[in-house]
Amino acid sequence: MGLVHGHEFRPPKQSRIKRFLLYLYGRLEPTILRMFNKLLSSKFFTKNRVGRAMIKLIAKMMWFLPYGVVLPYPLVEEIFEEFQKHSRIRAGRCPCKLVYAEMYGRDKVEDFDLRTDINFFAGLSASEAYEKKHHSDYIDVDMEWLRKHFELFAKKGLVPTIYACCRSGQWMFVLCNCDKRYCVPLRAYLVWGEGVTKSPFYVEADKAKCVECGKCIRICPADANISPGEVDPEKCIGCGICIYHCEGNARRLVVREKYKLPRHAKILKPFIKHFVEEHLKQPIPRWLR
Numbered sequence: 002m003g004l005v006h007g008h009e010f011r012p013p014k015q016s017r018i019k020r021f022l023l024y025l026y027g028r029l030e031p032t033i034l035r036m037f038n039k040l041l042s043s044k045f046f047t048k049n050r051v052g053r054a055m056i057k058l059i060a061k062m063m064w065f066l067p068y069g070v071v072l073p074y075p076l077v078e079e080i081f082e083e084f085q086k087h088s089r090i091r092a093g094r095c096p097c098k099l100v101y102a103e104m105y106g107r108d109k110v111e112d113f114d115l116r117t118d119i120n121f122f123a124g125l126s127a128s129e130a131y132e133k134k135h136h137s138d139y140i141d142v143d144m145e146w147l148r149k150h151f152e153l154f155a156k157k158g159l160v161p162t163i164y165a166c167c168r169s170g171q172w173m174f175v176l177c178n179c180d181k182r183y184c185v186p187l188r189a190y191l192v193w194g195e196g197v198t199k200s201p202f203y204v205e206a207d208k209a210k211c212v213e214c215g216k217c218i219r220i221c222p223a224d225a226n227i228s229p230g231e232v233d234p235e236k237c238i239g240c241g242i243c244i245y246h247c248e249g250n251a252r253r254l255v256v257r258e259k260y261k262l263p264r265h266a267k268i269l270k271p272f273i274k275h276f277v278e279e280h281l282k283q284p285i286p287r288w289l290r
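Each number in our numbering comes from the position in the sequence shown (counting from 1) with 1 added on.
Just so you know, the hints here were simulated from the structure itself, not pulled from any lab data.
In this text, all values refer to a predicted model and were calculated from it rather than measured experimentally.
A couple of the hints might just be wrong.
Derived DSS-like pairs (lysine-lysine); straight-line CA-CA distance at most 27 Å [to be verified]:
#, residue 1, residue 2
1, Lys236, Lys259
2, Lys181, Lys44
3, Lys61, Lys236
4, Lys261, Lys210
5, Lys57, Lys39
6, Lys39, Lys236
7, Lys270, Lys14
8, Lys14, Lys274
9, Lys44, Lys57
Pairwise CB distance ranges, derived in the manner of DEER restraints [what the hints assert, rightly or not]:
#, residue 1, residue 2, range
10, Arg290, Gly194, 40 to 50 Å
11, Lys61, Lys236, 34 to 44 Å
12, Arg28, Pro284, 40 to 50 Å
13, Leu25, Arg50, 28 to 38 Å
14, Lys133, Lys236, 39 to 49 Å
15, Lys133, Pro234, 43 to 53 Å
16, Gly215, Arg182, 13 to 23 Å
17, Arg50, Lys109, 23 to 33 Å
18, Arg28, Trp64, 19 to 29 Å
19, Arg168, Asn49, 21 to 31 Å
20, Ser16, Ile218, 41 to 51 Å
21, Arg290, Arg107, 43 to 53 Å
From the three backbone atoms N, C-alpha and C, an ideal C-beta is built for every residue, glycine too.
Could you build all of it, start to finish, from the sequences and the hints given here?
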């Protein structure tokens, strides 16, 4: 237990049953990922109205599987400053890439060995399962490693997403730095609107500063740019990756006026509020009070 910007922070309890269930999930995850890779490659389930409706039903039935919330890297760094006080942090290769390479060939996957799967709390059990069953080695990392790699991940256009099982913050266990080409939850969101919740922020562009370099359009995972100097806030998932690539320094994060914080992300509310007040210097919206 500790104070986070004046608010009491209670890290999730690390019970034996929780660690066992996340260990079991780590053993089963590749099978689940293979199934969803096949669904994502099916025109019936991605294009057909009936198929898409079936996916929505499947998503409701599988509510216990990990569900993510996208957050910008500066906020993620602040969150991990606190998390590392309560838990070891371990980093390994992306499970989605491992499965994608197995299904379609190692040569189809870029940055295969990049450690983008970052486990904490009871999620450490999932990393142990991967080490034993899938021969994917994990290493203990500190804040210096995380800061360095968050910057690298942003430059590569990866989307920081914190996941929890059972739609509960008490089951929060992993930060995935998702690549839209391979990562199943992010791909599922872009196709079906499931698997991930967009962040409490969106990117706003200043047309007067825009130099029309076009990098924002190329890097955006959600195709949210109407033009180099204009962003669709509804399509924007709020990862903030384009800000790192903007040559005109014409972009900034803005907190959404209307937003429903997912139940599994409510444990992060003090961090989000502090980020809005101290970093963005913006008024606190009603949903965050």
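Comparing the hints with the structure gives:
1. A threshold of 27 Å between alpha carbons decides the hint, and for Lys236 with Lys259 the separation of about 14 Å falls inside it, so the pair holds.
2. Distance check on the hinted pair: Lys181 and Lys44 sit about 18 Å apart at the alpha-carbon level, within 27 Å; holds.
3. Distance restraint check for Lys61 and Lys236: the Cα-Cα separation of roughly 23 Å lies within the 27 Å cut-off, and the hinted pair is therefore satisfied.
4. Distance check on the hinted pair: Lys261 and Lys210 sit about 32 Å apart at the alpha-carbon level, beyond 27 Å; violated.
5. Annotation: proposed proximity of Lys57 to Lys39 holds, straight-line Cα distance about 16 Å (limit 27 Å).
6. As the CA atoms of Lys39 and Lys236 are separated by approximately 25 Å, the hinted pair is consistent with the 27 Å bound.
7. The straight-line distance between the Cα atoms of Lys270 and Lys14 is roughly 18 Å, inside the 27 Å bound, and the hint therefore holds.
8. For the hint pairing Lys14 with Lys274, the CA-to-CA distance comes to about 23 Å; that is within 27 Å, so the pair holds.
9. Between Lys44 and Lys57 the alpha-carbon distance is near 15 Å, which keeps this suggested pair within the 27 Å criterion.
10. Between Arg290 and Gly194 the C-beta distance comes to about 27 Å, which lies outside the given range of 40 to 50 Å.
11. Range check, Lys61 to Lys236: Cβ separation about 24 Å, and the 34 to 44 Å hint is violated.
12. Look at Arg28 against Pro284: about 46 Å separates their beta carbons, and that is inside 40 to 50 Å.
13. Separation of Leu25 from Arg50 is about 35 Å and conforms to the stated range, judged on CB atoms against 28 to 38 Å.
14. Taking the beta carbon of each, Lys133 and Lys236 are about 41 Å apart, inside 39 to 49 Å as hinted.
15. Taking the beta carbon of each, Lys133 and Pro234 are about 44 Å apart, inside 43 to 53 Å as hinted.
16. Between Gly215 and Arg182 the beta carbon distance is about 20 Å. The supplied range of 13 to 23 Å therefore holds.
17. Hint check: Arg50 to Lys109, Cβ distance near 30 Å, so the stated range 23 to 33 Å holds.
18. Take Arg28 and Trp64: their Cβ atoms lie about 20 Å apart, and the range 19 to 29 Å holds.
19. A beta carbon spacing of about 27 Å between Arg168 and Asn49 agrees with the range 21 to 31 Å that was offered as a hint.
20. Against the hinted window of 41 to 51 Å, the Cβ-Cβ separation of Ser16 and Ile218 comes to about 46 Å, which satisfies the hint.
21. Checked against the given bound of 43 to 53 Å, the beta carbons of Arg290 and Arg107, roughly 49 Å apart, stay inside it.
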